[in-house]
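Visitor: Here is what each chain is made of, one letter per residue.
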Amino acid sequence: MKFWVKVESQEKSVLIEDVDGIYVVEIDGRRRAVDCRTAESNDYLSLIIDNRSYLVESAPVKADEGRYSVCVSGRRYELEIFDERLIVTRRAKEATREDRSVIIKSPMPGLIVDVRVNPGDHVRAGSVLVVMEAMKMQNELVCDVDGIVKAVNVKPRDTVESQAPLIEIGRTE
Amino acid sequence: MFKKILVANRGEIAIRVIRACKEMGITSVAIYSDADRLALHVHHADEAYRIGPPPSRESYLAIDKIIQTAKRCGAEALHPGYGFLAENADFASACDKAGVVFIGPRAESIRQMGNKLEARDTMRDAGVPVIPGSGARVRSPAEAAAAAKTFGYPVMIKAAAGGGGKGMRAIGTETEFDAALRMTMGEAESAFGDSSVYLEKFIERPKHIEIQLLADDRGGVVTLGERECSMQRRYQKVIEEAPSSVVDPDLRSALSDAARKAALAVGYVGAGTVEFLMGPDRRFFFLEMNTRLQVEHPVTELVYGFDIVKEQIRVAAGEPLSIRPEDVRIRGHALEARLYAEDPQAGFMPSTGFIKQLVLPEGPGVRNDNGICPGYEIPIYYDPLLGKVAVWGEDRMTAIRRLKRALLEYQVDGVRTNIEFLLWALEEPGFIDGSYDTTYIERVFRPDVLRGRTEDIEIAAIAGTITAYRGLRRANVDSRPDAHENIWRRIARAEGVGKSPARTSPARETGERE
Numbered sequence: 001m002k003f004w005v006k007v008e009s010q011e012k013s014v015l016i017e018d019v020d021g022i023y024v025v026e027i028d029g030r031r032r033a034v035d036c037r038t039a040e041s042n043d044y045l046s047l048i049i050d051n052r053s054y055l056v057e058s059a060p061v062k063a064d065e066g067r068y069s070v071c072v073s074g075r076r077y078e079l080e081i082f083d084e085r086l087i088v089t090r091r092a093k094e095a096t097r098e099d100r101s102v103i104i105k106s107p108m109p110g111l112i113v114d115v116r117v118n119p120g121d122h123v124r125a126g127s128v129l130v131v132m133e134a135m136k137m138q139n140e141l142v143c144d145v146d147g148i149v150k151a152v153n154v155k156p157r158d159t160v161e162s163q164a165p166l167i168e169i170g171r172t173e
Numbered sequence: 001m002f003k004k005i006l007v008a009n010r011g012e013i014a015i016r017v018i019r020a021c022k023e024m025g026i027t028s029v030a031i032y033s034d035a036d037r038l039a040l041h042v043h044h045a046d047e048a049y050r051i052g053p054p055p056s057r058e059s060y061l062a063i064d065k066i067i068q069t070a071k072r073c074g075a076e077a078l079h080p081g082y083g084f085l086a087e088n089a090d091f092a093s094a095c096d097k098a099g100v101v102f103i104g105p106r107a108e109s110i111r112q113m114g115n116k117l118e119a120r121d122t123m124r125d126a127g128v129p130v131i132p133g134s135g136a137r138v139r140s141p142a143e144a145a146a147a148a149k150t151f152g153y154p155v156m157i158k159a160a161a162g163g164g165g166k167g168m169r170a171i172g173t174e175t176e177f178d179a180a181l182r183m184t185m186g187e188a189e190s191a192f193g194d195s196s197v198y199l200e201k202f203i204e205r206p207k208h209i210e211i212q213l214l215a216d217d218r219g220g221v222v223t224l225g226e227r228e229c230s231m232q233r234r235y236q237k238v239i240e241e242a243p244s245s246v247v248d249p250d251l252r253s254a255l256s257d258a259a260r261k262a263a264l265a266v267g268y269v270g271a272g273t274v275e276f277l278m279g280p281d282r283r284f285f286f287l288e289m290n291t292r293l294q295v296e297h298p299v300t301e302l303v304y305g306f307d308i309v310k311e312q313i314r315v316a317a318g319e320p321l322s323i324r325p326e327d328v329r330i331r332g333h334a335l336e337a338r339l340y341a342e343d344p345q346a347g348f349m350p351s352t353g354f355i356k357q358l359v360l361p362e363g364p365g366v367r368n369d370n371g372i373c374p375g376y377e378i379p380i381y382y383d384p385l386l387g388k389v390a391v392w393g394e395d396r397m398t399a400i401r402r403l404k405r406a407l408l409e410y411q412v413d414g415v416r417t418n419i420e421f422l423l424w425a426l427e428e429p430g431f432i433d434g435s436y437d438t439t440y441i442e443r444v445f446r447p448d449v450l451r452g453r454t455e456d457i458e459i460a461a462i463a464g465t466i467t468a469y470r471g472l473r474r475a476n477v478d479s480r481p482d483a484h485e486n487i488w489r490r491i492a493r494a495e496g497v498g499k500s501p502a503r504t505s506p507a508r509e510t511g512e513r514e
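The listed protein sequences derive, respectively, from chains A and B. Note that my numbering numbers the first sequence so that position 166 is 166, with each residue one more than the last. Note that my numbering numbers the second sequence so that position 278 is 278, with each residue one more than the last.
Chain B on its own, in the form it takes in the complex (with noise of 0.2 Å):
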């Protein structure tokens, strides 16, 4: 087994990946930015070192600063997490050649499935339902068009190096076509670095399943079910469940063979996830794999009980997996809500700022995978996920009265978050009843649909009023003249004043929010 990893990432998903070094013996290292100098995974680590500036394209995208900082520590592995590196086969082939472990698949899968084009292709000769589609790379507006026009519309628009619902978009009719294609383009150029598209036909009200499976190096496949990811927006998970509601055993068992057949395909090795869409008649069509470890992965955890990190650490270093196929056995619901650093009232804008507090949900059931801490401040570079809140339940009504139970636990004191719109989420009738499919809260969300309660609006006036009571009462009594006069005496005023609920000391109060 490895004695020292280096953790290619930030964020939540570097933490998780830590805690399970930690768990195993194994010395964890952090890669930082100068804007994460104090991010939390840094704290989690036992050894942290500076990768580069802000940018990620000089720190966490750098591969070759990345590689020496693992080959400088003898760290002799490599976890990526999601995202950033994580399903760069360059990346893992550095990786290879430095000597260093790329705990994944091997360089050579990641990039027949990072061509999302070409793993059409094997999926199909694998026996995998595929979509219709343009089957080749667009590169100009005209190109694009003249495809859309040969399945017809509605189509979706794909970056050809895209992924995880990140550069792509789907349009109804031509007219929105132009302008879809240059922003998809623009986003691609500006998020991978290749701006090529391809184009689909367009599933109407799919919903979104997708099989975990881990893989060894000797041949062993073990699926871990599906999880259900059909609330989104803008093909942005929100929440994520496990199990579905319209999954039954056959369908389930049919989804896991398309699933191994995919992992087969392609000589897989590692944790994946191989994404499907469904349409209402259940028929299910691979949408694309996955060749890393994904956000949702939580309500997988907690509804099997393995530990899929620990799994893919295991695998990379030529162990067997350590769950065998008659193990594998369900136990209740959990689901998943992603916290963003954003503001549902205004248009969901990414929103930054300095984490002045931050209590985290507890109690039975409750699952937290948190990234952020006070003192931080929310960058502009990364992507505005702060955390994630798992739950598990006896059943699906337990476990969506637990998430909510636990999202108004939540505190997070300086920047704006989802947690209202996640709430809303929950308490939709289309969710409750499992009956959502990706397009529902794109059809159902309006802002005025966060409308707050009388009582709560109420409680909102007289707590503001008196916040600006307090602010008027501190200005006053600071600009009498005695108010630089001896602390110790506007103390014992104060403490005179007895039971005044305004009795804090006003040397740790701020004025001004921003």
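Next comes chain A alone, as it looks inside the complex (with noise of 0.2 Å):
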């Protein structure tokens, strides 16, 4: 079967298959044999290709886009790895796509601390849009694309949960 990988902004296609319990992967083109077991618990795998063994976490963010987090050696990676039916339905999905709005979403769960914006506003890549405090720290939300503002859907003292759409802007070429 065959997948096409994202990581740290490489592109890879890999091939896989499962030959008598082992996968075989062609990967840069090259083959190799590995022994893959969940180990400990679903999250992780043991590895062990040609007689090096890895113990990595490994576990889909969002299986249905194509989205996977997997660490290694303390890192962490974020993947993107689609198969063929995802290409087609990501392509279809990519050209439906004409509103040219960006909506910033909250990235954790938090306390609105200041809004800095109103409906309206021009705004640069680079703007403060939002303070926001969680686990006692205050972060700036800052914008990353030059617009105006077409909604504000918070005010301080708000809570939001993580991924909350806060603000939405509306691009500029």
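Because the hints were derived from the structure by calculation, they are not lab data. No experiment lies behind these values; they were computed from the predicted model shown. One should not assume that every hint holds.
What the hints assert, rightly or not - List time: in silico DSS-like cross-link candidates among lysine-lysine, alpha-carbon distance up to 30 Å: (1) B:K65 - A:K136; (2) B:K404 - A:K6; (3) A:K62 - A:K6; (4) A:K62 - B:K356; (5) B:K166 - A:K136; (6) A:K150 - A:K62; (7) B:K4 - B:K65; (8) B:K149 - B:K4.
With the hints as a guide, bring both chains together as one complex.
Guide: Dropping the structure here:
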């Protein structure tokens, strides 16, 4: 089975095949035999490749979007992994996306301390939109595009969940 | 000696105190908020009392509720840990009034040192070197800007009620001043209920060196050498060590004398830490005194072999220190790393989540002061410190290698941690040669330094692909018309595959992480 993997801004195509309980993986043009067992809990895999042993954490973040998270040697990697079916659905989605607006979401659960913009404001990449407090630290949420504020969904003292849509920005070119 | 002690804290430090109690034959009492019913400190304690809803103000900062609980459970003494109420003089006074022994200094010493401006004057009068500064609190941006001009940029803005690195900011030029002042005042208001700040001349590229001391109520003061805590990010300590690479015996005794003077000037009793900033010329200045147990106390315990928490308890019970100055001898080297729930790849954003699995490092010379356990959900309400790992080695390089080894053994499943950042820090040339100062991380760290090694990237791609492949195969099995047939048949089929590496029970697997 063929997959397209994006990791650390590198793109790789990976072929995987289950041969009598051993995965034969072709990556970067090299075929490797991978003895992979689930270890400890479902998120941990023990891999033995050419007699080199690795214990890695590997789990889907959102499998239907092809997002995975893997931890190797204490370092975390965010991966995008697509099979053929996911690539087709993704292309279809991209083709229909006309809305140029960007939604700034809360990166963490926390308390809104300050909202620095109003609908109609022109903002630039780098402008501070919202100040949030979580775990006793204040963090500034910064705009990453140039545009006009279309909607402000929060006010100071609001408590928000992670990924809550805070500010909507219409992009300007 | 006390028979029962209430620990007015949570997380790893509550567990540290509970452990000392258990070894001394003292019954330990935990308090917990609704967010902490399944927290590890509750599991460790002999008794546990609910104290209130999750927000700190209604639980771990609720003075009346905590004292009522101490009275109700019959605790003769109370240990505040660090943070929360540990440096709150009103709390120490309230304990006195209620007849519960506060394990810490007298309320008056806390007040004198807690007011950073008063402390500065007291220290200057006692002959301890202090940093040039505004010398008075400022309440408005205009007043602050005027004060900053008198001794020139760069300046440091500090919350008058702050400490432990919270509520302070350095600014290099006048243009940054307004924004920095507003943020500092805002943080000070929400963290300490007091928005006033003061200004100090900013010492460029200083080292943070601190002296641990213990004092009893008979005038006995013992100093336990220095710790260096210059590996900091946004004024939060990341890695601490003892001894410091730049402190020789002469400098150590000069620092220790200054710390002793500081303690005597406020009639100090208990464990305390006098923090100094040291310039490249090795001149040192009093920064502040922390009138409590310090997060990084384990490194001192590892190199001196004493139990600081037990000494705190003894002294609070009116006993003399059990440490004689002639027994204070340093042995080897110790390092500590703080594990935070934060994501170094996303601007160190705090991370919350449910702990699915935890594997702690073990083996020679490794000490864990861990505060979390599987089944616990890291709440948004408190400090993101998950725990600390400290190591001892015969010499500094051995300790550095050991800490790296220990961090690679750590596995926390369910929440992002700063482990990769700690591993980076331990390999930095400026850390290894001991020349680092408190600005080192800020100057050198960029998110792309965490870029993975080529071999690890390939392993990550392989592991991720296997996970995706297994997920798809499982989905195909589940969507077959016979997917809901007799469970025994399915197991039989799985067994029939025999050596399949994907032979895990489908019931245990969860499709999504979030």
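Visitor: Hint compliance check: list the failing hint numbers for this structure, sorted ascending.
Guide: As far as the earlier hints go, only 8 is violated by this structure.
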